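Numbering-wise (the numbering used here), the sequence shown opens with residue 1 and increments by one.
It cannot be assumed that every hint is accurate.
[What the hints assert, rightly or not] Below, a list of computed lysine-lysine pairs in the DSS-like style, where the Cα atoms sit at most 30 angstroms apart: (1) Lys257 - Lys23; (2) Lys12 - Lys45; (3) Lys92 - Lys82; (4) Lys81 - Lys258; (5) Lys42 - Lys18; (6) Lys227 - Lys241; (7) Lys262 - Lys241; (8) Lys31 - Lys107; (9) Lys241 - Lys266; (10) Lys227 - Lys81; (11) Lys18 - Lys243; (12) Lys262 - Lys42; (13) Lys19 - Lys262; (14) Lys92 - Lys31; (15) Lys23 - Lys227; (16) Lys31 - Lys18.
[Said to hold, decoys possible] Across the chosen pairs, the derived CB separations fall in these ranges: (17) Leu2 - Arg224: 18 to 26 angstroms; (18) Thr170 - Asn36: 34 to 42 angstroms; (19) Lys243 - Thr87: 27 to 35 angstroms; (20) Gly134 - Ile221: 45 to 53 angstroms; (21) Glu203 - Asn256: 37 to 45 angstroms; (22) Glu118 - Gly65: 24 to 32 angstroms; (23) Glu203 - Asn259: 30 to 38 angstroms; (24) Ile22 - Asp115: 21 to 29 angstroms; (25) Lys80 - Leu2: 35 to 43 angstroms; (26) Asp115 - Lys92: 35 to 43 angstroms.
Simulated from the structure, these hints should not be mistaken for lab results. If you're wondering where the values come from, they're calculated on a predicted model, not measured in any experiment. For every residue, glycine included, the Cβ atom is placed at its ideal position computed from N, Cα and C.
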Amino acid sequence: LLLVDYPGFNLKIAEFAKKHRIKVFYYISPKVWAWNKTRILKIKKFVDHLLVIFPFEVEFYKKHGVEATYIGNPILDEIKKKNFTLTFKSQKPIIALLPGSRKQEVKRILPVMLDVIETYPKYQFVIAASNILGKDYYNSIIKNRNVVLLYNQTYGLLSNSVAALVTSGTATLETALLNVPQIVCYRTNWLTYFLAKKLVKIEYISLVNILFGEELVKELIQSRFNKKTLTMQIDNMFLQKEKILKGYNKISSLLNKKNASKNAAKFIIETIS
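Construct the entire structure; sequences and hints are all you get.
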């Protein structure tokens, strides 16, 4: 049995499979190194082997007595295809805005991103829009600001941008692998943030900084995510561009293993043969 991501459901399936003596492999394992470490006990009990997408996960699981193998990262595979399109042509350098995909997330984060537009008239700001949110919703936030809205072209947008403001999540790693200097932005309601602080046991919120092992890109969280601080950090980001890109190269080298999904399939076939 091969399980992929989605731990809430998949760990129940793993338990069922184990009871019936079915060998269980787990591809894209639960991020228990960040939160909900109690799941390690279930993983250890019900999963035979983890196929992980971050190198540091191998050592983490090893410490807890769980077998794991790094087989590459599917994001890296997607980016290396380099078949990106961008229908928008700009006369100015582009700064990409990635405000997330959920309605409340965009509502909290996009307005602050938009507040800095007037400070940088020499740049064109472009939003990577989420398919689940319509143009009317974005326009209600954008109002009369000079910003472009693009759907289904995130990689194309990033690969043609000189910088990006990115909501914490997978997008931070995608931005890094496309060599775009970035600032990580995050804001949620205070109750959610308070609970997350209690549950999440990692120093950084972005995959970029977690993989690099220190703060390579600036993370602006909650009250620190405001127009004044964001403007200051954008200026600093451009000054630190060379350092950031060198750090990205280190991350890319760390993840450098092609064909993650094929490697997962090959590993399983060789193991059960």
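Q.
Need the status of pair Lys42, Lys18: alpha-carbon distance at most 30 angstroms?
A. holds, 11 angstroms
Q: Indicate whether the distance between the beta carbons of Gly134 and Ile221 respects the range 45 to 53 angstroms.
A: violated, 28 angstroms
(Q) For the hint 35 to 43 angstroms, verify it against the beta carbon of Lys80 and that of Leu2. (A) violated, 24 angstroms
Q) When you check the alpha-carbon spacing of Lys257 and Lys23, does it fall within 30 angstroms? A) Holds, at about 25 angstroms.
Q: Please test the hint of 24 to 32 angstroms on the beta carbon pair from Glu118 and Gly65.
A: violated, 55 angstroms
Q.
Check whether the Cα positions of Lys227 and Lys241 lie no farther apart than 30 angstroms.
A. holds, 21 angstroms
Q) Using the C-beta atoms of Glu203 and Asn259, is the stated range 30 to 38 angstroms upheld? A) holds, 31 angstroms
**Q.** Given hint Lys45 paired with Lys12 - CA-CA distance at most 30 angstroms
**A.** holds, 12 angstroms
Q: Using the Cβ atoms, figure out if Leu2 sits within 18 to 26 angstroms of Arg224.
A: violated, 41 angstroms
Q | Satisfaction of hint between Lys31 and Lys92, Cα-Cα up to 30 angstroms | A | It is violated: about 39 angstroms lies between the C-alpha atoms, which goes past 30 angstroms.
Q | Status of the given 34 to 42 angstroms range, CB of Asn36 versus CB of Thr170 | A | violated, 18 angstroms
Q) Given the hint that Lys31 pairs with Lys107, does the C-alpha gap stay at or below 30 angstroms? A) holds, 27 angstroms
The structure shown violates the earlier hints numbered 7, 9, 10, 11, 14, 15, 17, 18, 20, 21, 22, 24, 25, 26.
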